[in-house]
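Each protein sequence line maps, in turn, to chains A and B.
Mapping of the first sequence onto this note's numbering: position 150 corresponds to residue 150, and the numbering continues sequentially without gaps.
Mapping of the second sequence onto this note's numbering: position 121 corresponds to residue 280, and the numbering continues sequentially without gaps.
No lab work stands behind these hints: they were computed from the structure.
Heads up, a few of these hints could be off.
As the list claims (entries may be wrong) - Facing chain A, from chain B, some residues (calculated, C-beta under 8 Å):
no.: 1; residue: 167
no.: 2; residue: 168
no.: 3; residue: 172
no.: 4; residue: 176
no.: 5; residue: 179
no.: 6; residue: 194
no.: 7; residue: 202
no.: 8; residue: 263
no.: 9; residue: 265
no.: 10; residue: 269
no.: 11; residue: 297
no.: 12; residue: 298
no.: 13; residue: 301
no.: 14; residue: 302
no.: 15; residue: 304
The beta-carbon is built from N, C-alpha and C at its ideal position, and this holds for glycine as well.
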Amino acid sequence: MQVSMSVNGERVNREVEPRILLVHFLRDELNLTGTHWGCDTSNCGTCVVWMDGVPVKSCTVLAAMASGREIRTVESLEQGTQLDPVQEGFMREHGLQCGFCTPGMMMTARWLLDHNPDPSEAEIREAISGQICRCTGYENIVRAVRWAAAHPATQEVGS
Amino acid sequence: MQVPAPFEYDRASSVEEAVALLERHGAEARPIAGGHSLLPMMKLRLARPERLVDLNDLTDLSYVRAEGEWIALGAMTRHAELAASDLLARHYKVFQDAERVIADPVVRNRGTVGGSLCQGDPAEDLCAVVAALGGQVVLRSSGGGRVVAARDFYLGPYETVVAPAELVTEVRIPIRPGSGSAYEKVERRPGDWAIAAVGCFVTLAEGSVADCGIGLAAVGANGYCAPQAEAQLRGQPATEESFRSAAEAAAASCRPQSDQRGPADYKRDLVRELTQRALRRAAARAMAGGA
Ligand SMILES: Cc1cc2nc3c(=O)[nH]c(=O)nc-3n(C[C@H](O)[C@H](O)[C@H](O)COP(=O)(O)OP(=O)(O)OC[C@H]3O[C@@H](n4cnc5c(N)ncnc54)[C@H](O)[C@@H]3O)c2cc1C
Ligand code: FES
Ligand code: FES
Numbered sequence: 001m002q003v004s005m006s007v008n009g010e011r012v013n014r015e016v017e018p019r020i021l022l023v024h025f026l027r028d029e030l031n032l033t034g035t036h037w038g039c040d041t042s043n044c045g046t047c048v049v050w051m052d053g054v055p056v057k058s059c060t061v062l063a064a065m066a067s068g069r070e071i072r073t074v075e076s077l078e079q080g081t082q083l084d085p086v087q088e089g090f091m092r093e094h095g096l097q098c099g100f101c102t103p104g105m106m107m108t109a110r111w112l113l114d115h116n117p118d119p120s121e122a123e124i125r126e127a128i129s130g131q132i133c134r135c136t137g138y139e140n141i142v143r144a145v146r147w148a149a150a151h152p153a154t155q156e157v158g159s
Numbered sequence: 160m161q162v163p164a165p166f167e168y169d170r171a172s173s174v175e176e177a178v179a180l181l182e183r184h185g186a187e188a189r190p191i192a193g194g195h196s197l198l199p200m201m202k203l204r205l206a207r208p209e210r211l212v213d214l215n216d217l218t219d220l221s222y223v224r225a226e227g228e229w230i231a232l233g234a235m236t237r238h239a240e241l242a243a244s245d246l247l248a249r250h251y252k253v254f255q256d257a258e259r260v261i262a263d264p265v266v267r268n269r270g271t272v273g274g275s276l277c278q279g280d281p282a283e284d285l286c287a288v289v290a291a292l293g294g295q296v297v298l299r300s301s302g303g304g305r306v307v308a309a310r311d312f313y314l315g316p317y318e319t320v321v322a323p324a325e326l327v328t329e330v331r332i333p334i335r336p337g338s339g340s341a342y343e344k345v346e347r348r349p350g351d352w353a354i355a356a357v358g359c360f361v362t363l364a365e366g367s368v369a370d371c372g373i374g375l376a377a378v379g380a381n382g383y384c385a386p387q388a389e390a391q392l393r394g395q396p397a398t399e400e401s402f403r404s405a406a407e408a409a410a411a412s413c414r415p416q417s418d419q420r421g422p423a424d425y426k427r428d429l430v431r432e433l434t435q436r437a438l439r440r441a442a443a444r445a446m447a448g449g450a
């Protein structure tokens, strides 16, 4: 079937099987491998992208269901040479080690900060509670999001 | 890589179209709402529909509103929307209590109230909430509509009265001014399905329980409810002692099974404790003016 959606502001049209999941569509059809694919069972949250402005687990959404919608992936966070404050925060506060969970964590964090610019530690932990990190123990992820909250303006890469 | 077996996909743009598509394609077609129960089951080949009818464009089925003596929840209302509804919070805090512990925030952005009831997982939290509140389920087919009491909606685990070409369009909850409600759940870790959970409402009159409803999840209660415990509590003074007796009755009436979430005896103990906690909290809310 034909699907057509906006991905990070660009219109894409593809012929796909109805059973293809959005995560595989993004990774395999569009080569947007920033979105990771882990548990396949909507538990780990590494596959989180935005659909019509709302974070969803893309392993549990069909590409067909995303047709006609606006998708935003981790690749959209960086603007030209500017990192999103969330990315900068993860860098400065060591919010990642292996980086596997990071795309999902950052997409949820960006959404949280857009709706709650000054979240408490408890609110951050609640927001990422459907996402698993095996490396950091979450402490530095929370710090990274707090850093981003404290530095809302985007920064020049490397500044 | 877990991918469902092949199927055809249609997207409905109205309830009528959805019903017509389901009717045309017979029992092998299934509606898909949030997809957060159906897609995992299809990946595991526990469900193998030949055609999906996507309901996600039916945004007119997404609402929480007061209609006369009822609160009406559109079938496509997401968990996150139930959690955020001021109207529900003003009438029944049991929804907020439950939504805080159903899955996780990202799953709650997709899962719907209609999908939850139709899934009928024995541990489905909203099934217990709606059963406790004595809700009704509104169904639509090409032959017209019908309304089924939530307690008569289930034939067994994962089995409901919904016919192949029938859609749930709405869930209705009777408004009970001044009543208090609450949900108590124990799970292995945040976001997990219940080991056991109890939802309830109480209406008080002069210190006694004028009316009540008790819903149970994950413990094999018929229709997710505990009618013996309710009958025992009605008319009794709203005291710890009455709550304890009702909790005993709820624990005695359910039929939990031992599984990876725990032994049956433990679950029965949980029902006893959680029923008491839920009644206590609901009564406190009723005394404070309600919700
Ligand atoms: C990781 C994870 C954790 C979860 N934890 C919990 C939890 O703790 N507690 C809990 O209660 N739930 C939990 N859930 C389930 C979640 O609440 C689901 O979203 C919900 O059970 C189903 O809603 P849905 O809209 O996704 O339904 P779908 O998956 O789309 O559909 C479920 C079934 O209902 C049918 N259906 C859907 N809508 C209609 C309709 N309007 N009319 C007729 N038939 C319909 C479908 O054909 C299908 O058979 C969890 C899910 C996941 C993925
Ligand atoms: S891959 Fe989607 S939640 Fe784990
Ligand atoms: S950084 Fe390794 S899983 Fe989170």
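Comparing the hints with the structure gives:
The closest approach between the C-beta of residue 167/B and any C-beta of chain A is roughly 6 Å, which is under the 8 Å cut-off, so the hint is satisfied. Here the hint on residue 168/B is kept, as its CB sits about 4 Å from the closest CB of chain A, short of 8 Å. Interface restraint check: residue 172/B against chain A, minimum CB-CB distance 11 Å, threshold 8 Å, status violated. A least Cβ separation of about 16 Å between residue 176/B and chain A goes past the 8 Å threshold, and the interface hint is therefore violated.
For residue 179/B, the shortest C-beta to C-beta distance to chain A is roughly 19 Å, which exceeds 8 Å, and the interface hint is violated. Among the interface hints, the one on residue 194/B holds; its C-beta lies about 6 Å from the nearest C-beta in chain A, closer than the 8 Å criterion. Nearest Cβ of chain A to the Cβ of residue 202/B: about 7 Å, under the 8 Å cut. The hint holds. Below 8 Å, beta-carbon pairs count as interface contacts, and residue 263/B has one with chain A at about 3 Å; its hint therefore holds.
Hint on residue 265/B holds. Least Cβ distance to chain A is approximately 5 Å, under the 8 Å limit. Proximity of residue 269/B to chain A holds as hinted, the smallest CB-CB distance being about 6 Å (cut-off 8 Å). A hinted interface residue such as residue 297/B counts as satisfied when its beta carbon comes closer than 8 Å to some beta carbon of chain A; here the least separation is about 24 Å, so the hint is violated. Evaluation of the residue 298/B hint against chain A yields a violated restraint, the C-beta minimum of about 23 Å exceeding 8 Å.
Against a cut-off of 8 Å between C-beta atoms, the interface hint on residue 301/B is violated, since the closest Cβ of chain A lies about 25 Å away. Proximity of residue 302/B to chain A is violated relative to the hint, the smallest CB-CB distance being about 29 Å (cut-off 8 Å). Using the Cβ-Cβ criterion of 8 Å, the hint placing residue 304/B at the interface with chain A is not satisfied: the shortest such distance is roughly 27 Å.
In this structure, the earlier hints numbered 3, 4, 5, 11, 12, 13, 14, 15 are contradicted, and the remaining ones agree with it.
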